[in-house]
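K.L.:
So you can see what is in the structure, the chains are spelled out below.
Number of protein chains: 2
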Amino acid sequence: MTTIRKGTRDDLPAVHALVRELAIYEKAEHEFIATLEDYYADYEAGIFQTIVAEREGEVIGMALYYMTYSTWKGRMLYLEDFVVRESYRRQGIGQLIFDAYLAEAQALGCQLTKWQVLDWNRPAVRFYEKQSATIEKEWWNGKISFQS
Amino acid sequence: MTTIRKGTRDDLPAVHALVRELAIYEKAEHEFIATLEDYYADYEAGIFQTIVAEREGEVIGMALYYMTYSTWKGRMLYLEDFVVRESYRRQGIGQLIFDAYLAEAQALGCQLTKWQVLDWNRPAVRFYEKQSATIEKEWWNGKISFQS
Numbered sequence: 804m805t806t807i808r809k810g811t812r813d814d815l816p817a818v819h820a821l822v823r824e825l826a827i828y829e830k831a832e833h834e835f836i837a838t839l840e841d842y843y844a845d846y847e848a849g850i851f852q853t854i855v856a857e858r859e860g861e862v863i864g865m866a867l868y869y870m871t872y873s874t875w876k877g878r879m880l881y882l883e884d885f886v887v888r889e890s891y892r893r894q895g896i897g898q899l900i901f902d903a904y905l906a907e908a909q910a911l912g913c914q915l916t917k918w919q920v921l922d923w924n925r926p927a928v929r930f931y932e933k934q935s936a937t938i939e940k941e942w943w944n945g946k947i948s949f950q951s
Numbered sequence: 804m805t806t807i808r809k810g811t812r813d814d815l816p817a818v819h820a821l822v823r824e825l826a827i828y829e830k831a832e833h834e835f836i837a838t839l840e841d842y843y844a845d846y847e848a849g850i851f852q853t854i855v856a857e858r859e860g861e862v863i864g865m866a867l868y869y870m871t872y873s874t875w876k877g878r879m880l881y882l883e884d885f886v887v888r889e890s891y892r893r894q895g896i897g898q899l900i901f902d903a904y905l906a907e908a909q910a911l912g913c914q915l916t917k918w919q920v921l922d923w924n925r926p927a928v929r930f931y932e933k934q935s936a937t938i939e940k941e942w943w944n945g946k947i948s949f950q951s
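Protein sequence lines, in the order shown, are assigned to chains Z and Y. If you're matching positions, the first sequence starts at 804 in the numbering used here and goes up one per residue. If you're matching positions, the second sequence starts at 804 in the numbering used here and goes up one per residue.
Honestly, the hints are just simulated from the structure, not real lab data. It cannot be assumed that every hint is accurate.
You can't tell identical chains apart in this list, so a pair holds if it fits in one copy or across any two.
Unchecked claim - In silico SDA-like cross-links for lysine to any residue, where the CA-CA straight-line distance does not exceed 20 Å:
#1 Lys876 to Leu839
#2 Lys940 to Asp922
#3 Lys946 to Asp922
#4 Lys876 to Gly912
#5 Lys876 to Ala936
#6 Lys876 to Gly849
#7 Lys940 to Glu883
Kindly generate the complete structure, drawing on both the sequences and the hints.
P.N.:
What follows is the structure, encoded as structure tokens:
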């Protein structure tokens, strides 16, 4: 029995652990420097929200998202991170989370939702194609870090 | 004399017009459906902020941005749109806006800032390279629209 629900502050330790698991999968654990204390502070500041999948009291998957804005379309929910613990994959849990996420986006009055996927992550790309998502390949990301 | 300042509600008509100009440049005016009324409502809901460049009472450039979250790094300011009216380009106005934007990101406690650029937009890519930005080419965008 898997429960899909809005995440709370109490879920942040599990969310933080799942982000670490995804960072390892994306070969970038050394890039993961935000602490659990950062998550608590920024969650309380209203900067992000989560949806979690829970089984027998354990969080086994999550979507982390926030409101953004498309200057062309209007309100846009952004899916920053989306992960199911590896041993629970291929059971449809990701689909349950994603469906709840899309419902949340529409409940928040969004015109669209957006996210990113690494070009070599074939299972993820296939999942999104199955959702009839548009996959755009012509945009590059720019970024500047302020960390010393 | 160019003034760089935080944008207000009164600047939204000019901001909306500049977004249209950028959409035309990106060959996508038909994709631009958010109305000025949407901008008023969503600005008042706190979903986005702007920095504008003003000369002789006219807004000639702007950056539109909002707070997002990097699960790896923490608070991340996102630059959604950034445009200088075509007849005012190559005068350093974009640099003034971008510098003010970076200062705003740091004032808001952000660890980094991120944005996107179309792979064929060479002048924009060159500008960002000059800022010592990292340009990532391995991420694809996924999106789902809820519009009927």
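K.L.:
Work down the list of hints and note, for each, if the structure agrees.
P.N.:
Here is what the structure says about each hint:
Taking the shortest Cα distances, Lys876 and Leu839 sit within 20 Å of each other only across copies (11 Å), while inside one copy they are farther apart (34 Å). Taking the shortest alpha-carbon separations for Lys940 and Asp922, both the intra-copy value of 9 Å and the inter-copy value of 9 Å come in at or below 20 Å. Taking the shortest Cα distances, Lys946 and Asp922 sit within 20 Å of each other both inside one copy (18 Å) and across copies (15 Å). Proximity of Lys876 to Gly912 under the C-alpha cut-off of 20 Å is restricted to the intra-copy arrangement: shortest distance 12 Å within a copy versus 28 Å between copies.
In this assembly of identical chains, the alpha carbons of Lys876 and Ala936 lie at most 20 Å apart only when taken from the same copy (16 Å versus 27 Å across copies). In this homomeric assembly, Lys876 and Gly849 come within 20 Å of each other (Cα to Cα) only across copies, at 17 Å, whereas the closest approach inside a single copy is 23 Å. Proximity of Lys940 and Glu883 under a CA criterion of 20 Å is satisfied in both settings, with 18 Å inside one chain copy and 18 Å between copies.
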